[in-house]
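Chain B: place on chain A using the hints.
2 protein chains.
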Amino acid sequence: MYKCSLERMSDKIRTFAKYGDAGHGGITRYSLSPEANMARAEFKKRMEAIGAKVECDDVACMYATIEGSDPNAKRIVMGSHCDSVKNGGNYDGILGVMTGMEVLETVVKENIPHKHPLTAMIWTNEEGSLYPPAMMVSGIICNDYLPPELAKNFKYENMMKSKPMDESEFANFGEALAASPYKGDKANRISPDKYCAMFEAHLEQGPILEDNGNEVGAVQLVMGMFNYRVRFHGFTAHAGTFPMAKRHDALYAAAAFLCEMHKRFDELNEGQDPEFVYTTGEIYVHPGIHTCINDEAEFSLDVRHPDPELRQKVMDILKEMAAEEWCKCTCDIEEQWVRDTVYFDKNLVGFVEESMEEMGVKWQKILSGAGHDAQFCAYMIPTTMLFARTKAGLSHCEDERVSDEDCTTVATATLNAVLKADKFYD
Amino acid sequence: MYKCSLERMSDKIRTFAKYGDAGHGGITRYSLSPEANMARAEFKKRMEAIGAKVECDDVACMYATIEGSDPNAKRIVMGSHCDSVKNGGNYDGILGVMTGMEVLETVVKENIPHKHPLTAMIWTNEEGSLYPPAMMVSGIICNDYLPPELAKNFKYENMMKSKPMDESEFANFGEALAASPYKGDKANRISPDKYCAMFEAHLEQGPILEDNGNEVGAVQLVMGMFNYRVRFHGFTAHAGTFPMAKRHDALYAAAAFLCEMHKRFDELNEGQDPEFVYTTGEIYVHPGIHTCINDEAEFSLDVRHPDPELRQKVMDILKEMAAEEWCKCTCDIEEQWVRDTVYFDKNLVGFVEESMEEMGVKWQKILSGAGHDAQFCAYMIPTTMLFARTKAGLSHCEDERVSDEDCTTVATATLNAVLKADKFYD
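These protein sequence lines map, in sequence, to chains A and B. First residue of the first sequence: 1, per the UniProt record's numbering; consecutive thereafter. First residue of the second sequence: 1, per the UniProt record's numbering; consecutive thereafter.
Pulled out of the complex, with its shape left as it was, chain A reads as follows (with noise of 0.2 Å):
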């Protein structure tokens, strides 16, 4: 059983939390920016200080290697991101950096055997909170082992045409790639060939693991989920001329229908399983005028379960709906997205728990509602995750905490995982 350091770790999470310092509490770090520069110069300095090597790939993204005893075996990889949402937390992201960074120095420093080479890793573009879409560059990286519906909208040559959704001296992702100074070789990016297994660890982003009292989670999977439109049609007139008995009012169609759908797939999550999560987070109406009836609304409807049937009896109630009438406006849906469940590597989920085990810390089994890199890296090479308490579960947003104690926590458990897999494979 080795550990890793709580001092470390925390001086890790005090400086890191410097590079894009809103000023109270959080960080705004998009990808590429100069922020994420200063934490990429960081990694790069840190990592280099204990001999490690590093190499950037074509995408920007960042790869520092300690070597093992086997020149021929394949490298192992602890990576998440370093990019943040606007006024985001200090742990989102960079807390699996500085786990990778957190194994190779303690591997380092205390001498510890190993086979395979081992690689703390720098993920591009996670968020895609100012270039979209999300895990950007894992859908670039891992697109010739996607599923096609998802490699579809992950191409090389339109993401780099991704226009900024903020304030940004490039025209695109492609000008800002090409301007960074972590631009490299294509033939360093992760892939099969070189490497054998791949780790993240992520703070839960959730209130699971602390209302169990458990300090750390071993991911399964990344529940399936769907994106859904659900828009309203009726017809516009003026708010002082118009009898209500006449009206046709999308908004308040579209209220009727949001209340009811809670009240059907409640009924239908009768034994409420915690695992099924249904969010309309955006909404739009038109004309959207105090003065005005709206003749359309339309709102967002994003639903995740790890359960395929489940997912499809969820489907079915919202096209049975769809079909009636709603304060007498029709309503048409319409299909954004649909992702399987992703399932962890069982060799690795396996390490993962064994280690938590031994330690002694209060773990549980968990699953992620959230996308991250590893979903997509998984269906490239055997892949998995770990998660760390989050104070009440909030995260993407400058309340976002982690104890430093957790964060060591889970750095020491991908530690012995990390090195459980180095045992494992040839």
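Everything labelled a hint here was simulated from the structure, so no lab data went into it. Take these hints with a grain of salt, some might be off.
[What the hints assert, rightly or not] Cut-off 20 Å, straight-line C-alpha distance, at most; resulting in silico cross-link-like pairs (EDC-like, lysine to aspartate or glutamate): (1) K86/A to D295/B; (2) K86/B to E296/A; (3) K328/A to D266/B; (4) K246/B to E275/A; (5) K246/B to E296/A.
[As the list claims (entries may be wrong)] Between beta-carbon pairs, the in silico distance windows are: (6) M165/A to D316/B: 37 to 45 Å; (7) M165/A to I333/B: 28 to 36 Å; (8) D70/B to K246/A: 41 to 49 Å; (9) D316/B to Q336/A: 39 to 47 Å; (10) E405/B to K163/A: 47 to 55 Å; (11) Q336/B to V361/A: 49 to 57 Å; (12) K246/B to D404/A: 20 to 28 Å; (13) E309/B to M165/A: 33 to 41 Å.
Please read all numbers here as calculations on a predicted model, not as lab measurements. Glycine included, every Cβ here is placed at the ideal spot set by N, Cα and C.
For chain B alone, kept in the frame of chain A given last:
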């Protein structure tokens, strides 16, 4: 009984429809735009052709006047606006301008005796579509006569700074006005010193006349109204990681409130009084991302009814509901504005009703749910309005339609009411 000319009215309708023609049945004719200037030039040309004297005031309102037999009598004015909303129709505003023109043309052509000078008028910037707010210039001109809580929203200095909401060559309303060829002298403004009565003909913008099989309506009042923002506060979390049972979803709260509000308001309005209308035209959510639960949701609420007691009861329900918890979210409400019911001048309303009755047309008493320049003018001089039947109640859209016959009928009713006022006033 004098009658206006269907042929002349039809010609005006076709002609004015060209100025701002958007190419698919309607117009975009912002106030003080080149398109509005074409309409103003047409007005000037036609009015001068019948011997009217055309004057402009300092806020570009235009007045075309033919003298009466008494050189000391005050003017009787018929006016409305020639500006439209974006992609509006060929009747809103311009119908009242064409009515004034048609009345003057008929009086001149038929040599109808009258004591008072008669004026056809264009009010500047009623819609406020390019430079808000709506009814800007009547708000400026009638400012000294408005209740203080209304007057403060239309101060001359502030109005001049109004910034364009769409493309414009001018930085604000003041600059557009300074550049207008129709800017004249402040002394020419409509005022109680020089004017004894104002008539505004308008399309109904609702379906009531059509549903009742009536051609025209004698408007009694402009309904009082209040406008609120209704806000919900929950907290945000990730769509994939946060269990349903722990969510405080502000959009869900807004939807539940909206549905319950319809229920309680409709219970209050048991008798289905068609004059009671309420509208939720705008909705806003934060963060408004499909992968996030919303922590904030807000909608606008516009409530109209002539009776202040009923409006108070509605407000009481609203306050009662705001004090409750909605889907674990808190609610607060904020008043945007409150306007009392404006009753039109009893004598003038009577003249309109007598005229319609004498004409043998199908008419009714009607209320205005929409705001008009006449509503502000009524605080300053005796004022009333006439409504023309609107196809399907559609307005502020390119499908806005009034038959040429109904346009002519409302002009004839105006003519005869004006002649009654001409006899009534010294």
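Pairwise beta carbon distance, E405/B to K163/A, judged against the given window 47 to 55 Å
holds (53 Å)
For the range 20 to 28 Å, tell me whether the beta carbons of K246/B and D404/A fit it or not.
At 26 Å between Cβs, range holds.
Check the hint pairing K328/A with D266/B against an upper bound of 20 Å on the C-alpha distance.
holds (16 Å)
Using the Cβ atoms, figure out if M165/A sits within 37 to 45 Å of D316/B.
Hint holds: Cβ distance 44 Å, inside 37 to 45 Å.
Outcome for the supplied range 49 to 57 Å, where the beta carbon pair is Q336/B and V361/A
holds (55 Å)
Is 39 to 47 Å right for how far apart the beta carbons of D316/B and Q336/A are?
holds (43 Å)
Distance restraint between K246/B and E275/A, which requires alpha-carbon spacing of 20 Å or less
This hinted pair holds, its Cα atoms lying about 12 Å apart.
Check whether the Cα positions of K86/B and E296/A lie no farther apart than 20 Å.
Status holds; Cα separation ~18 Å.
Cβ-Cβ distance between D70/B and K246/A: within 41 to 49 Å?
holds (48 Å)
Range hint compliance [Cβ, M165/A to I333/B, 28 to 36 Å]:
holds (33 Å)
Holds or violated: K246/B with E296/A, Cα cutoff 20 Å?
Roughly 31 Å between the alpha carbons, so the hint for K246/B and E296/A is violated.
Take a quick look at whether K86/A and D295/B sit within 20 Å of each other, Cα to Cα.
holds (16 Å)
Checked against the numbered hints above, the structure breaks hints 5, 13 and satisfies the rest.
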